[in-house]
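Build out the structure end to end from the sequences listed, making use of the hints.
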Amino acid sequence: MRRLLILLCVLQAFVACGPGLRNSVNAEYWYDQGQQQYRDGRYDEAAVSFSRAEGLATDNLSKALIYRDMARVYNASYNPLQEAAYMERAAEAFAMAGETRESNRAWLETGLAYSNMEDYDRAEGIYKTVLFGAHQDKDTLLEVRCLQAYAALALSGPQQDPLLAIDMLGRVTDELGTPLSCTDKGIAAYAYSLLGEEQLAERWLREAIRDAEGEDETTQVRFREYQVKARAGDTEGALKALESVMAYTNDTERQAARETTLSSQRDFFQQQSEVAAERLRTARMRQWVLGLLLVLGLVAGWFIYRIHVLRTEQRLAQERAETDRVMSIAEDLQARLQKAGAASSKILERSGLSVLERLCEQFYIYEGTENLQPKVLKEAKSVIDGLRADASGLEDLLNAEHDGLMAAFREQFGKLKEDDLRLFAYVASGFSSTTISTLMERDKQYVYNRIWRLKNRIAASDAPDKERFLEYFSKG
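0 is the number of the first residue of the sequence shown in the numbering used here; add one for each residue after it.
Think of the hints as simulated: they come from the structure by calculation, not from any bench. Wrong hints could be hidden among the right ones.
As the list claims (entries may be wrong) - Calculated cross-link-like contacts (lysine-lysine; reagent style DSS-like; alpha-carbon spacing at most 25 Å): (1) Lys416 x Lys465; (2) Lys443 x Lys416; (3) Lys465 x Lys414; (4) Lys414 x Lys454; (5) Lys454 x Lys465; (6) Lys454 x Lys443; (7) Lys416 x Lys454; (8) Lys137 x Lys127.
Structure representation (structure tokens):
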């Protein structure tokens, strides 16, 4: 009975803790499963277990541990791209959990993954950051590992720096008091070979071969032996070392291929699913873009059409206004000239002003036709332009109809400018201010001022006929 009560209490506590505790327990279960599967070499199963643990983890430290072990799974499966991605996430999660040292160590593993991908610039940036953090935290082991990795990086890629590699290894032994491994000695041998120090290169190479243990270390040293002997011109020794390296590499690759078959299949199907989803998103996006472009095209077409219509309407309005203005002036001229008597018909014929009546009649009779109306307008403009350029015909008409009016005005006001003499002729003919402003090609206010000054000048003069002349200003 007592045991039953204790069990009930435990169950109640578990339920009271809610889904957070249950998720934590489930995450731990899948994490332990993944670790065991990783140790057994079942990397595809380990990846699935770690993925489930990741989905259930609730705190940064748990996520960091999962990310790090997932990265190691990808390392064992020869997938440096995913290894770098998960190790970088582990480093960030460790930092958020306050585990600075673990974060720096994860960053070092990230740098190694980028180095394996031959992304040397990114790896170098990470190594510099890790070196600074390890020195600040006095993490000697991490600093040694980072210096060793940096030394190897200095001899990789197109920009090799053997002096930097030797300096890094010197800091390992001199500043940190750590003996060099066989891998480090192989790096030193190749660095001295690049500098042309063949004796030092051979010495470090012999020490590296002596200290190598196991197939991995032996293969690494053999690769350095191949590099050193190739540079020294020892073709036979270089080929022998290279054959040893290739034999081990082929065996390793075959083993890795067997271990990653299932993982590769899973990744393939996952990639296919992602590709299909991406294609669907792309198709939908293309439809949206095409639809938007169609709408924009319709809007742009409508605006272009409206602009064309407005410009056409504006042009037609301007043409109508010009037509009305020309014909209004022509009618004004024609009305004023109709007062001329028969005796003046020859003068009108000679000046061309007699055609105005005929033009005005034709314009309104055939208004709206395509051919005649422009021709009439052209002739009317020609008459107006002729009157603007030469008003002698108008002056002859005024002399004939008004008892030598313009002759007397020119005789008594001969010192006036020609524009003022012509202005008096327009006023005496009874033209409106609109007609006069058009003939003089000036605005109405200017015409008003000129007429007012001319009238005052005549009134202030001693001309015998000034009263006669002033009468024509009141008639307009």
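Pairwise hint evaluation, Lys443 against Lys454, where the allowed Cα distance is 25 Å at most: Judged against 25 Å, a Cα distance of about 16 Å means the pair holds.
Distance restraint between Lys443 and Lys416, which requires alpha-carbon spacing of 25 Å or less: 20 Å, holds
Straight-line alpha-carbon gap Lys414 to Lys454, limit 25 Å: Distance of about 15 Å is within 25 Å: holds.
Hint consistency between Lys416 and Lys465 [alpha-carbon to alpha-carbon, up to 25 Å]: 18 Å, holds
Satisfaction of hint between Lys127 and Lys137, Cα-Cα up to 25 Å: 15 Å, holds
Given pair status - Lys454, Lys416, alpha carbons within 25 Å: With Cα atoms ~14 Å apart, Lys416 and Lys454 stay inside 25 Å; holds.
Agreement of Lys465 and Lys414 with the hint, judged by alpha carbon distance not exceeding 25 Å: Holds, because 15 Å separates the two Cα atoms, which is no more than 25 Å.
Pair hint outcome, Lys454 versus Lys465 [Cα-Cα no greater than 25 Å]: Roughly 10 Å separates the two Cα atoms, so the pair holds.
This entry satisfies every hint, going by the numbered hints stated previously.
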